[in-house]
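Enquirer: Sequence:
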Amino acid sequence: MKKIGLIFNSFPHSISSGREGLDFLFSVSAYCNSISVFFIGDAVSQLVSEQKPQKILSRDYISAFKIMELYEINNIYLCKKSLIKLGFQNSPLIIKTKKKTEHELAILMNYCDQLVVF
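Heads up: the sequence shown is residues 1 to 118, going by the working numbering.
No lab work stands behind these hints: they were computed from the structure.
Treat the hints with care, since some could be wrong.
BS3-like cross-link-like pairs, simulated, lysine-lysine; straight-line CA separation at most 27 Å [stated by the list, open to error]:
| id | residue 1 | residue 2 |
| --- | --- | --- |
| 1 | Lys-81 | Lys-100 |
| 2 | Lys-96 | Lys-81 |
| 3 | Lys-2 | Lys-85 |
| 4 | Lys-80 | Lys-52 |
| 5 | Lys-80 | Lys-100 |
| 6 | Lys-66 | Lys-96 |
| 7 | Lys-66 | Lys-85 |
| 8 | Lys-52 | Lys-2 |
| 9 | Lys-66 | Lys-80 |
What you are looking at is a predicted structure, and each value in this text was computed from that prediction instead of being measured.
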C-alpha cells in the first residue's frame, strides 16, 4: 500500500483549500492505511483552538480535524518554525500533533510515496 502525505499550507477560511484537503483526507483514508498529515507555513493556524469563523461568515470546518482520531490518522505533524513565526507557539491546538523542525518534516515527507498539497 502506498504511503500518502497531505500537506496543508494556507490560512484557514481565506481560500477553500483547507476544507477541500480535509474532504480529500477522509476520502482517501477509506482506501489507505498509511497517511501522514503535515501543517506547514500559514496552515499551522488551522489548528489553533477557539476560532470564530462565523464572524467572517465562514463555515466551521476546523472542528472536523478532530475526527482524524476516529479515522485512526495519527501521523499529524506541525512545523515548529511556522508556529513561532506566526506567534502561535503557546496557543492551544484543537488536536494532538507532533511538532517538528523543517528538516525533520522534509525527512518524513520523503518517506511518502505520494504528496498532495492543499
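Enquirer: Against this structure, judge whether each hint is valid.
Expert: Do the hints match the structure? See the list:
A hinted pair counts as satisfied when its Cα atoms are at most 27 Å apart, and Lys-81 with Lys-100 qualifies at roughly 8 Å. A hinted pair counts as satisfied when its Cα atoms are at most 27 Å apart, and Lys-96 with Lys-81 qualifies at roughly 17 Å. The suggested pairing of Lys-2 with Lys-85 is violated, with an alpha-carbon distance near 33 Å, which exceeds 27 Å. Distance hint between Lys-80 and Lys-52 is fulfilled; the C-alpha atoms sit about 24 Å from each other, no more than 27 Å.
Between Lys-80 and Lys-100 the alpha-carbon distance is near 6 Å, which keeps this suggested pair within the 27 Å criterion. For the hint linking Lys-66 to Lys-96, the alpha-carbon distance of about 9 Å falls within 27 Å, and the restraint holds. As the CA atoms of Lys-66 and Lys-85 are separated by approximately 24 Å, the hinted pair is consistent with the 27 Å bound. Distance restraint check for Lys-52 and Lys-2: the Cα-Cα separation of roughly 37 Å exceeds the 27 Å cut-off, and the hinted pair is therefore not satisfied.
Restraint check: the Cα-Cα separation between Lys-66 and Lys-80 comes to about 20 Å, which is no more than 27 Å; the hinted pair holds.
Of the numbered hints listed earlier, those contradicted by the structure are 3 and 8.
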